[in-house]
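Could you put the whole structure together from the sequences, leaning on the hints where they help?
Using the numbering used here, you'd call the opening residue of the sequence shown number 117 and step up by one each time.
Be aware that one or more of the hints could be misleading.
To be verified - With a Cα cut of at most 25 Å, we get these calculated DSS-like pairs of lysine-lysine:
#1 Lys312 with Lys236
#2 Lys312 with Lys288
#3 Lys204 with Lys214
#4 Lys214 with Lys333
#5 Lys222 with Lys197
#6 Lys465 with Lys395
#7 Lys236 with Lys222
#8 Lys330 with Lys355
#9 Lys197 with Lys243
#10 Lys312 with Lys333
#11 Lys243 with Lys288
#12 Lys452 with Lys465
#13 Lys204 with Lys244
Claimed, not checked - Quick list of simulated restraints, FRET-style, between CB atoms:
#14 Phe245 with Thr494: 54 to 64 Å
#15 Ile521 with Asn573: 39 to 49 Å
#16 Lys452 with Asn555: 40 to 50 Å
#17 Ile241 with Tyr403: 20 to 30 Å
#18 Ser456 with Glu528: 25 to 35 Å
#19 Cys323 with Gln546: 49 to 59 Å
#20 Leu392 with Ile188: 15 to 25 Å
#21 Asn586 with Glu385: 45 to 55 Å
#22 Gln198 with Thr430: 36 to 46 Å
#23 Arg286 with Asn567: 31 to 41 Å
#24 Lys452 with Asn552: 31 to 41 Å
If you are wondering where the hints come from, they were derived from the structure by calculation, not from laboratory data.
Note that the Cβ used here is the ideal one computed from N, Cα and C, for glycine as well.
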Amino acid sequence: MFRKKSDSLAECCKTRELSINTLRMNKRASLLKRKRVVEDECIITDRNIGELGLNYSGDNGNDEITIIQQIIQCFQNEHIKQQLNINKIIQDSINLIKENNVNSIKCQIIQMYYHFSQDKNTIEIMKKFGIHFLIIEFLPNQNEDTYNTSLNCLSNMINDDIQLRDEVIRTKLIEIILAKDIINNSVGYLIETLLKGRPFISINKVCQLIPLIKKFKVVDEGIICTRLLLSMSNETIDKKIISNLQIIISQATTSLVCFQCIGTIFATEHPFLISLFIKPTIEILFYYATMICDSLKIKTSKSNIHLNLLVDETLIRTYLWIVENLFVTVCELDKKEAYSFLLILIPSKIISSIILCIFNQSINICKEAFSTIYLIITIISNIPQFIITLINTDNFFDIFEILFIQLEESNEIYHLLEIILILVSSQNIQIISKLNERNIFEQVDSFITSNNTEIVNLAEDILRIEHLYNFNSDEFEL
Numbered sequence: 117m118f119r120k121k122s123d124s125l126a127e128c129c130k131t132r133e134l135s136i137n138t139l140r141m142n143k144r145a146s147l148l149k150r151k152r153v154v155e156d157e158c159i160i161t162d163r164n165i166g167e168l169g170l171n172y173s174g175d176n177g178n179d180e181i182t183i184i185q186q187i188i189q190c191f192q193n194e195h196i197k198q199q200l201n202i203n204k205i206i207q208d209s210i211n212l213i214k215e216n217n218v219n220s221i222k223c224q225i226i227q228m229y230y231h232f233s234q235d236k237n238t239i240e241i242m243k244k245f246g247i248h249f250l251i252i253e254f255l256p257n258q259n260e261d262t263y264n265t266s267l268n269c270l271s272n273m274i275n276d277d278i279q280l281r282d283e284v285i286r287t288k289l290i291e292i293i294l295a296k297d298i299i300n301n302s303v304g305y306l307i308e309t310l311l312k313g314r315p316f317i318s319i320n321k322v323c324q325l326i327p328l329i330k331k332f333k334v335v336d337e338g339i340i341c342t343r344l345l346l347s348m349s350n351e352t353i354d355k356k357i358i359s360n361l362q363i364i365i366s367q368a369t370t371s372l373v374c375f376q377c378i379g380t381i382f383a384t385e386h387p388f389l390i391s392l393f394i395k396p397t398i399e400i401l402f403y404y405a406t407m408i409c410d411s412l413k414i415k416t417s418k419s420n421i422h423l424n425l426l427v428d429e430t431l432i433r434t435y436l437w438i439v440e441n442l443f444v445t446v447c448e449l450d451k452k453e454a455y456s457f458l459l460i461l462i463p464s465k466i467i468s469s470i471i472l473c474i475f476n477q478s479i480n481i482c483k484e485a486f487s488t489i490y491l492i493i494t495i496i497s498n499i500p501q502f503i504i505t506l507i508n509t510d511n512f513f514d515i516f517e518i519l520f521i522q523l524e525e526s527n528e529i530y531h532l533l534e535i536i537l538i539l540v541s542s543q544n545i546q547i548i549s550k551l552n553e554r555n556i557f558e559q560v561d562s563f564i565t566s567n568n569t570e571i572v573n574l575a576e577d578i579l580r581i582e583h584l585y586n587f588n589s590d591e592f593e594l
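Below, the structure written as structure tokens:
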């Protein structure tokens, strides 16, 4: 509104306030009017909602479709949903399908079932009426949208229900989705649901699904399903997914889900796949180790150590998980082969990256990195050559100052003391000196009064060796 020159500022403000109030009142009236129109159009009221059902009127099904849409609308309202007679609605919907062959009605009923499948209580009613069998019966002739809705409904019903999953598997469901040959989220979600339950479905059924899974390649749904296949630890399945794993491993440096998938090979029993993929996996770990070393910048001082975190925490945790499982896998190889891999791994940036992770401001990352370095030191404890290589890694001895602060649980303290005992037992002057410089033995001495006998015993063993060194350091050789 333009201000008239004759108006005072107070008059102008009052006029503006009245104008705003008028606009608000008009808007409120408009919204109320629209609400009344919606209510007038809805044939479902609080008085008849409990008696609501579906009956075929004999025309094109327009009335039934309207009612189904309103049932869906009511079901999405938590208050109104409680008033719906779901048993009656489902029974009426089954009768309605049997009485007519109007495709539009079937599509709307499937849509209604999908909404019902998002509620655990309603799912139980659907199971009682065998809705899963009805949905599977309709799958072959459905258009893609209704087909996707049907699969999503089945997935919701099958999820965490092994008995229902087995019932569905015994039908022609797998044959139908193979014949349809559609690759999308809905198909991937259904396959994932079929694969993830335990006990697993039969190997024959799994092998039927593999050609479809392989078509997903590096799409997330395909990778998730491939990880589920790996979790079965079956050599027959392993041999059928080699080509898929080769594609996945080629993307592992740019895709976290691909990296996680490769990690599953080393987290479960796969001797055949390990022989094929251990070297490519080590190369991938070298890539991530370099990235982590470049991204984690450490600034050290006498009093504190600060980390500038530039990499994703999920990636670091995945990396540590794979490294740990890789070292466990290496231990299970024959002695000569294991030694050759350790010769590659111990001097690499993998160790440097783990040490850097211990300085992480995230306590969880720090503890996971400690778990990994504990495992590695335990593995190489009887190989002095590797111990020497390890302790010469940058910032190695600085981790103990951090660990004595961050570790609180009894089992964590026990493992920390175990590491120190392994190191001092090597009778290496450099190790004793470096630990002395950082007052680590004073920290160990504080555990002599612990209530945990095992911790006390470890602390005493460490101090006994340290005292022996101080008494006659000539007995120790570098």
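Comparing the hints with the structure gives:
no.	hint	in the structure
1	Lys312 with Lys236	holds (19 Å)
2	Lys312 with Lys288	holds (19 Å)
3	Lys204 with Lys214	holds (15 Å)
4	Lys214 with Lys333	violated (41 Å)
5	Lys222 with Lys197	holds (22 Å)
6	Lys465 with Lys395	holds (16 Å)
7	Lys236 with Lys222	holds (23 Å)
8	Lys330 with Lys355	holds (13 Å)
9	Lys197 with Lys243	holds (19 Å)
10	Lys312 with Lys333	holds (19 Å)
11	Lys243 with Lys288	holds (18 Å)
12	Lys452 with Lys465	holds (23 Å)
13	Lys204 with Lys244	holds (13 Å)
14	Phe245 with Thr494: 54 to 64 Å	holds (57 Å)
15	Ile521 with Asn573: 39 to 49 Å	violated (23 Å)
16	Lys452 with Asn555: 40 to 50 Å	holds (41 Å)
17	Ile241 with Tyr403: 20 to 30 Å	violated (52 Å)
18	Ser456 with Glu528: 25 to 35 Å	holds (32 Å)
19	Cys323 with Gln546: 49 to 59 Å	holds (56 Å)
20	Leu392 with Ile188: 15 to 25 Å	violated (50 Å)
21	Asn586 with Glu385: 45 to 55 Å	holds (48 Å)
22	Gln198 with Thr430: 36 to 46 Å	holds (40 Å)
23	Arg286 with Asn567: 31 to 41 Å	violated (58 Å)
24	Lys452 with Asn552: 31 to 41 Å	holds (38 Å)
Checked against the numbered hints above, the structure violates hints 4, 15, 17, 20, 23; every other hint is satisfied.
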